[in-house]
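Asks: What follows is each chain in one-letter form.
There are 2 protein chains.
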Amino acid sequence: MDYRILQDLASKEGGKIVYLILDGLGGLRMGEARGTELQVARTPNLDKLVSQSVCGLLDPIWPGITPGSGPAHLAIFGYDPLEFVVGRGVLAALGVDFKLTEKDVAARVNFCTVGSDGKVADRRAGRIPTEENRRLCTKLRDGVSLPTEFFLEPVKEHRAVLVLRGEGLGGELADTDPQQEGFPPLEPRALDPQSRKTAEIVGDFLQQAKRILQDEPKANMLLLRGFARYNRFPTMEERYKLHSLAIANYPMYRGLARLVGMDVWPEVGDLKDEFRILAENFSQYDFFFVHIKKTDSLGEDGNFSAKVKAIEEVDKLIPQVLDLGPEVIVVTADHSTPSRLKSHSWHPVPVLLFSPNCRVDEVKSFDEISCIRGGLGRLPAVALITLALAHARRLKKYGA
Amino acid sequence: MDYRILQDLASKEGGKIVYLILDGLGGLRMGEARGTELQVARTPNLDKLVSQSVCGLLDPIWPGITPGSGPAHLAIFGYDPLEFVVGRGVLAALGVDFKLTEKDVAARVNFCTVGSDGKVADRRAGRIPTEENRRLCTKLRDGVSLPTEFFLEPVKEHRAVLVLRGEGLGGELADTDPQQEGFPPLEPRALDPQSRKTAEIVGDFLQQAKRILQDEPKANMLLLRGFARYNRFPTMEERYKLHSLAIANYPMYRGLARLVGMDVWPEVGDLKDEFRILAENFSQYDFFFVHIKKTDSLGEDGNFSAKVKAIEEVDKLIPQVLDLGPEVIVVTADHSTPSRLKSHSWHPVPVLLFSPNCRVDEVKSFDEISCIRGGLGRLPAVALITLALAHARRLKKYGA
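These protein sequences, in sequence, are chains A and B.
Be aware that the first sequence starts at 1, since it is given in the working numbering, and climbs by one per residue.
Be aware that the second sequence starts at 1, since it is given in the working numbering, and climbs by one per residue.
Hint data in this document are derived by calculation from the structure and do not stem from the laboratory.
Quantities reported herein were computed from a predicted structural model and do not represent experimental measurements.
Certain hints may be false.
Given that identical chains are not distinguished, each listed pair holds provided it fits within a single copy or across any two copies.
Below, a list of computed lysine-lysine pairs in the DSSO-like style, where the Cα atoms sit at most 27 Å apart [what the hints assert, rightly or not]:
hint	residue 1	residue 2
1	K294	K397
2	K156	K397
3	K397	K293
4	K241	K342
Let the sequences and hints guide you as you build the complete structure.
Replies: Have a look at this one:
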């Protein structure tokens, strides 16, 4: 489906849409548990919501494909992740609130430790404190001189972002990270002719960086990966006529939201703050993306019972969203992160769409097993946005 | 899926297929009702059919997209409605049984009232009676002289259709309808170079029409919109080797059937006549499109209980179809028209495919809620034709 047809169908008027995205929500049964994390969690409010909703399962990318956070979020915002590709470097830059331009190539940076044999001894430089990272970024910014503008921004612990800005810089470069310790860092290498100039500048940068960092006890070198050029995507306002606000605790999700043109709430505290910010800004926007990170982090940790608790915490806040009276509430995930697998997985994610305009189905419990019997069936995640728009009465008829 | 591969797979031999299309069948629960229109209706014959069928839900266009009648019907005939686009003018011409040729450009016409200030005072000329419309069309046909052949056909009340016939006429013209009262009619304007000649002829037509209508009390001018060239689509015979008959009470559906090359039964009385005509012509065709309009009209009226009755009337006639012994009976809708919304909607439509060759599923009741648990799951409506062909044993194996 070519979503450009929505430009003719979407209306500026209509109800409000709230997306509650419980990152990595989808789970699996584990050990002695009676079901998945979501089945085990006590969720009286979600169960109540289900009785006025239509449910289903969503495939973030395609059945069997495990998505990263970038493509998984693009999909639920209606951007086909096989068409709208976001490089890792771009994602990292967006994640530190860096305002990318269309002249930029970004890469993820790891400070690392290289031994006297020239081989990587620690790919994460002993996870240096963020403070140390900041000092090193400043030192490199001051010390390095390049023929083109560049930015080096600390992220967290040993991670940073490098951005090169210039006309005609290609972004197709191989990683310099050898991925394993005991191997020397790789030379930057262009993967297409347009990226040769970028590779040269990166080589220059790394040589100077090596010299400047040589006396650092831990972080004496940089590894670069995920090089990518920034391409501007059409915004959700342009595609769907939705004025949108993102409320997210982690920079990367704010960056993803910025990529599709959402306004982004700058500072969020804990889960309760997210819901408070939603309430305070409710009159100002059409669409709200509320991102809840904990479900994913605890899944990645393999902490089944803590993930159950995280789900229960969200459940307690659901009435606050209902009280705002949105036309559409969507509760779903970007992807599954089963505690049993300690990683993202390919399993489809449960989705609940609450709206006075929905065709309520027979699903009684919001979970991965029940939802397939819901009225939505199994759908690609990119279809979620058209369903949300339709239920908010924001789409005109196609054809006569 | 590119349906051109069916040309190699489809066989001239095989069983007969009957499509019973209950227009706008899909509904929603409303008020005190215990379910949707289809759930509330007593349908013993459909329920019996279900026990020998495979069921599912169909998305006419895409989840969340509300279809017009044109695209919705094209989809169930297997014509991707995003690829096979029918202009509004063409649809209107089909709707009055006008036989379009590939030299034709058609537009929708509104008789309107223009005040002495030259501005549109009533876009519908007080909804003049159809009789008046007929008189005015004749008057204009007699009075206007154009360098090309033209046709002006009354539709209903203030609505008519204009068709220009000539070599090399483009159909990309802007509407002359200003859409709002208090503005003068717009000049015809070509949107591409191929349509300049058309715009000139239309301008000429409108000038003459203005003069001819100047003393009419209400309908003293015309507004044109939805200009479209007629493009011949490949027929169902060409695509599927199906010799097909359409039995429909309303001209627009006969027109849509003609668009995909079906033979069209010219005059139909009521519902019972439709089923009688089906029986009488059963030996002559491979495929039958029986269109039932009432379910849609009553949905548009918001008349829940009358829509329920309309469904029950159809149910009573089901045994007559069974008696004919077709290899495949499909009962479905082109789109949903819930009485609660009084309009077409985006909700998927229930489908039942009865055939001795189907894999009978667990669905016990033919309705919008149960069908999602059927063996077809949720499918795009364009997939219906290949399922029907397969169950009628009309498709050869793809590849070896």
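Asks: Now, for every hint given, state plainly whether the structure supports it.
Replies: Status of each hint after checking the structure:
In this assembly of identical chains, K294 and K397 lie within 27 Å of each other by CA distance solely across copies; the values are 20 Å between and 39 Å within a copy. For the homomeric pair K156 and K397, the shortest alpha-carbon distance between copies (22 Å) is at most 27 Å, but the shortest distance inside one copy (48 Å) is not. Within a single copy, K397 and K293 get their C-alpha atoms only as close as 37 Å, which misses the 27 Å cut-off; across copies the closest is 19 Å, which meets it. Taking the shortest Cα distances, K241 and K342 sit within 27 Å of each other only across copies (25 Å), while inside one copy they are farther apart (38 Å).
Figure legend: structure checked against the earlier numbered hints; every hint is met.
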